[in-house]
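Chains A, B, C and D, in that order, are what the protein sequence lines are. Going left to right, the first sequence walks through residues 1 to 345 as the UniProt record's numbering numbers them. Going left to right, the second sequence walks through residues 1 to 345 as the UniProt record's numbering numbers them. Going left to right, the third sequence walks through residues 1 to 345 as the UniProt record's numbering numbers them. Going left to right, the fourth sequence walks through residues 1 to 345 as the UniProt record's numbering numbers them.
Everything labelled a hint here was simulated from the structure, so no lab data went into it. No experiment lies behind these values; they were computed from the predicted model shown. Among the clues, some could well be false.
A pair counts as met if it fits within one copy or between any two copies, since identical chains are not told apart.
[To be verified] In silico lysine to aspartate or glutamate, EDC-like type, Cα no more than 20 angstroms apart, as pairs: (1) Lys300 to Asp170; (2) Lys54 to Asp265; (3) Lys300 to Glu91; (4) Lys300 to Asp227; (5) Lys54 to Asp279; (6) Lys108 to Glu123; (7) Lys54 to Asp270; (8) Lys54 to Glu278; (9) Lys54 to Glu271; (10) Lys88 to Glu62.
There are 4 protein chains.
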Amino acid sequence: MINVGILGSTGYAGQQLVWLLTNHSNANIVFLSSHSYEGDLYSDIYKNYYGFNKNICINIQEAECKLNSIDVLFIALPHGKSFDITKKALEKGVKVIDLGADFRIKSKATYEQWYGLDHQCSELLEDSVYGLPELKRESIKNASLIANPGCYPTASILALAPLLKAKIVDPKSIIIDAKSGVSGAGRNAAIPNIYTECNESIKAYSVASHRHTPEIEQELSHLLGSDLTLVFTPHLVPMNRGILSVCYANLTIDMSQEELYKLYDEFYKDEFFVKVTEDMPETKYVKGSNMCHIGLRLDKRTGKVIVCSAIDNLMKGAAGQAIQNMNIMFGIDEKTGLNFPAMLP
Amino acid sequence: MINVGILGSTGYAGQQLVWLLTNHSNANIVFLSSHSYEGDLYSDIYKNYYGFNKNICINIQEAECKLNSIDVLFIALPHGKSFDITKKALEKGVKVIDLGADFRIKSKATYEQWYGLDHQCSELLEDSVYGLPELKRESIKNASLIANPGCYPTASILALAPLLKAKIVDPKSIIIDAKSGVSGAGRNAAIPNIYTECNESIKAYSVASHRHTPEIEQELSHLLGSDLTLVFTPHLVPMNRGILSVCYANLTIDMSQEELYKLYDEFYKDEFFVKVTEDMPETKYVKGSNMCHIGLRLDKRTGKVIVCSAIDNLMKGAAGQAIQNMNIMFGIDEKTGLNFPAMLP
Amino acid sequence: MINVGILGSTGYAGQQLVWLLTNHSNANIVFLSSHSYEGDLYSDIYKNYYGFNKNICINIQEAECKLNSIDVLFIALPHGKSFDITKKALEKGVKVIDLGADFRIKSKATYEQWYGLDHQCSELLEDSVYGLPELKRESIKNASLIANPGCYPTASILALAPLLKAKIVDPKSIIIDAKSGVSGAGRNAAIPNIYTECNESIKAYSVASHRHTPEIEQELSHLLGSDLTLVFTPHLVPMNRGILSVCYANLTIDMSQEELYKLYDEFYKDEFFVKVTEDMPETKYVKGSNMCHIGLRLDKRTGKVIVCSAIDNLMKGAAGQAIQNMNIMFGIDEKTGLNFPAMLP
Amino acid sequence: MINVGILGSTGYAGQQLVWLLTNHSNANIVFLSSHSYEGDLYSDIYKNYYGFNKNICINIQEAECKLNSIDVLFIALPHGKSFDITKKALEKGVKVIDLGADFRIKSKATYEQWYGLDHQCSELLEDSVYGLPELKRESIKNASLIANPGCYPTASILALAPLLKAKIVDPKSIIIDAKSGVSGAGRNAAIPNIYTECNESIKAYSVASHRHTPEIEQELSHLLGSDLTLVFTPHLVPMNRGILSVCYANLTIDMSQEELYKLYDEFYKDEFFVKVTEDMPETKYVKGSNMCHIGLRLDKRTGKVIVCSAIDNLMKGAAGQAIQNMNIMFGIDEKTGLNFPAMLP
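Chain A on its own, in the form it takes in the complex (with noise of 0.2 angstroms):
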């Protein structure tokens, strides 16, 4: 049994690892913590826990003391906030899955241009891995570190992977407009998020300014061989849960649509987690998984290619990629606990 720890347990992306926690066959939760409900039973908080799970949670003093007891620490803190602890469980030797963004960008600078704080342990990006693992799987097998991926990001790159890797797009011209569920915007009390205020309306937010962006532009840059700029507009639409994520480029080369269903065929044949599908995916078929549907089209009309992919941003986008991520780490089937589909409707 891999044993675990989850520091900021309440929020949803903590929640949804200790819902994939509760049923995942190979571990086992030891502590469970949180800052806003320190000493609150779990299931006092999420009732869907009564009869499922006991732990009460403790705070973030009382987890440091625990570290000996855990082989992996699931981090869902807001970003800053994971530096000291991260830094405590390694020397530990603790395995850390962070799921904020702390140490998905490689660059000490645009890290803090883009957050707007201070660094603090900008030794430990060297060997952080970005934790994708369809695009990073044998750097994950050994990390120590990893940072889980964003859910824009995960649904964005999974879907410009193949053309960014096949070079067949002006990188100059990519723009993504990219659709997310309310629970984007995390367990937040705030007048913007109240029901009667994200219902019945559609915006976008954060625009050409969304701190996603760099953590985009980095990975498919890597995939690329050069660096890359590019546009990305979140929205937030008024559903739970779910990313759609739609991606532009001009074609630089003469291909047919079925000539790019093929490249993006062979280059996810491999992958359980990812689908090339016919259809233009929907949201609702990968809700509650992990999985990420991707389908296309090519505009004759105007040369540009079109690529959509859907994924749950609290599962592949966040704690399902987490424990696709710890699978991998500690060397058992990788679908272990994921390995089933979208609940519908």
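We have chain A; now place chains B, C and D onto it with these hints.
Relative to the frame of chain A, chains B, C and D by itself:
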């Protein structure tokens, strides 16, 4: 392995069965039949099954030919459609779990009055078992034919059973005001079911005339030991899943709320799938799970007790309970394939 | 022109008043006050008012200084906050329409018991008028202080009034099971109000303890001519607007459903805003309007009558009714500014 | 009074026309026709009209006989159904406002290619006016036949017009990523439209093939003075109403965001129904109104401008704009019957 066939696999209850069986460690899907989608790949209808299910939907005649290769047949057809195939399956020694209404009402006359058609298998009614495990577990163990309870009856009977068993309420005073998500209306292309007609609205329907009324009355009468009639009012609520059943009755003895809680705790103390909760339940805490949450309040000013139960209409209210019945019938752990909490949010 | 001031203009009821007054041919907004947004442009808070409203929110002290320039003051503040300003306004001859609860309950003791605070203006209770025009139109005409009814009481009293006036139901048997959209919870940043917590779920709340209970009981007791107590159960439904109030009572005389309909038709025959409908009502058909739809069924099997009323909680349940009261108080056509149906879908 | 007839009055656009005309001070509904509900009371189909509308739906033949009694005919029929009646109405001197697509595309060949049917009235195309008042007000004044713009084109053309008129973007770079509420799919009983299939999901549809593409291209080409092609991607969002159109283009000159805002402010400075807003728009702020909100951002890193417009698809995107056109054609205040903001929440 238990070999399984499903009739009506493309309705919402049928699809929920497919989901549960896909993840069930002791069961194996042999065939899926569908009237509307004969010849289609199941994963082309429900695209969440890409990579999980390779069945092609067969018709009911083909299903009939495969009865020899299954141990249990799930029937998720409209009422009146299961008589013939049930007889044939039972003759071949195949156990039958009918998710429809055809074998729930023990009185042929009552069935015919409320459902408006002749019962063509009334000879099977005596041996069929009403599959509510918390009340009928022993009979289910040896049953060949299970009448899987309706969604509203499951929630309502579980809410009221302790009161009626204890004979502490006036049976003439019972009112059930129940609210269901839209999946309860089925996967049915009709104007009242379209998004823009259901969204942002609530209505009561089939007031004083819903077909689940005699089913609830039958089972509560059994518990009480004498016939009762009650008021049952169903509502349609703009959400996919969930039933909240709020039940009112006049208490006939002097009792405190605490004593009422003790009665309920005692009644359900050995039941994994029923939790008596201090708070009044919310459907989200059981959504996608086989759990039933029950809360109650004594209104001292009026002498009425208010009991509130929450289930997922497609799980404990249909497919989840059907799997629970299958597990009991085949002597395996009742929780197999159902041992997970609601996924939030 | 009627000159108008609004206290609490940035809550949902206050905002609905602004909307209605913007389109009202005989009224003129003099000031909008807001505790939370003092100094802000109203159209920066509610951006739907770009091009329609140039007010800057003032605080309550500034509002007090402007009492001389208005004819009527609408108060949409939390209970307990309107005592002082109401006295000052009345002293200056300004009519007051209070959308809060402070002047609805005629008994000081009952108010203090249910609201948990001292009533500081009980001397005004005798002359204040409960502003339900369909029952109190004559008193409203000459009132200086209107206690605008609560949302649940408006729906519930209109549903039950004909039965109680006719004295044909057992007053001990009355149960009101009411369902409200989330705007009923106000514009309030709290975890239970955020989108992901409300969406895809229904719950009952304040069971056997909601503060609208004594208000409903007071008005129905007046109609009946003697005191009654009843059960009132409110629910939160995932939609922005609307209340459906389903009321149950035992009929004490022999009557057909047809005769009951005649009773209702007769009772409301001159009322523009109340329609007795053959079908059971749906909240969408009154959403955004000042209409109340009422339908009913007699359940012959149990001798119970089931009356169902639908209103928009922010319109007939708050701001719409407040405007209706203003129109009556100022002797203009009661329908002014309210003469439009629900907008669908 | 302007005497009005409506063909297709029971679809969502038709019903929105009825709502607007019910409240219009200068118009009078003479007849409502409906293919599906011939002979039915309008208020039995749309129960919000109880007390507001006493029309019985007539069929198209009866409507034809009443052309003499109306001044203007609104046609809200599927494409291909309006040719014949349009000719007849125009011959009798009745003005026609067609909410469908049949007279929007000036090129017969383009229409036939995208809509897949013969155009039977191409002789009317020259004199028909594309009814987007902000761009064509003078032509609308004297028109007999208005082709009322599509919902997506209205939002997209208003968003991009200032850029193309100013010729400061590369026409080959234009991408429109638009999102619509479900009422855009019509009142149509089909499985993909039912609540449980649309709710909690987002999808792109008709990617690189939607029929609104040539309409947008035609109007933007006019503004630019030369032909352009562009990418247009529509999406379905789980909400009743609203379109958000997010438009991307490469800026070809050096300009600041401030200067871009000035360009837009200047372009729309006399337009009541178009507001250029500092914040990026949200559909809720225009829902139920005839307003269009436009916001924009310059992404300096990529040289791309991102313009975002929000409308209500049934109002400014259909019936509201049709009434605006009627007002202009009949020489009355353009805002008549449309002078109200969105109702929140």
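Go through the numbered hints given earlier and state which of them the structure violates, listing their numbers in rising order. 3
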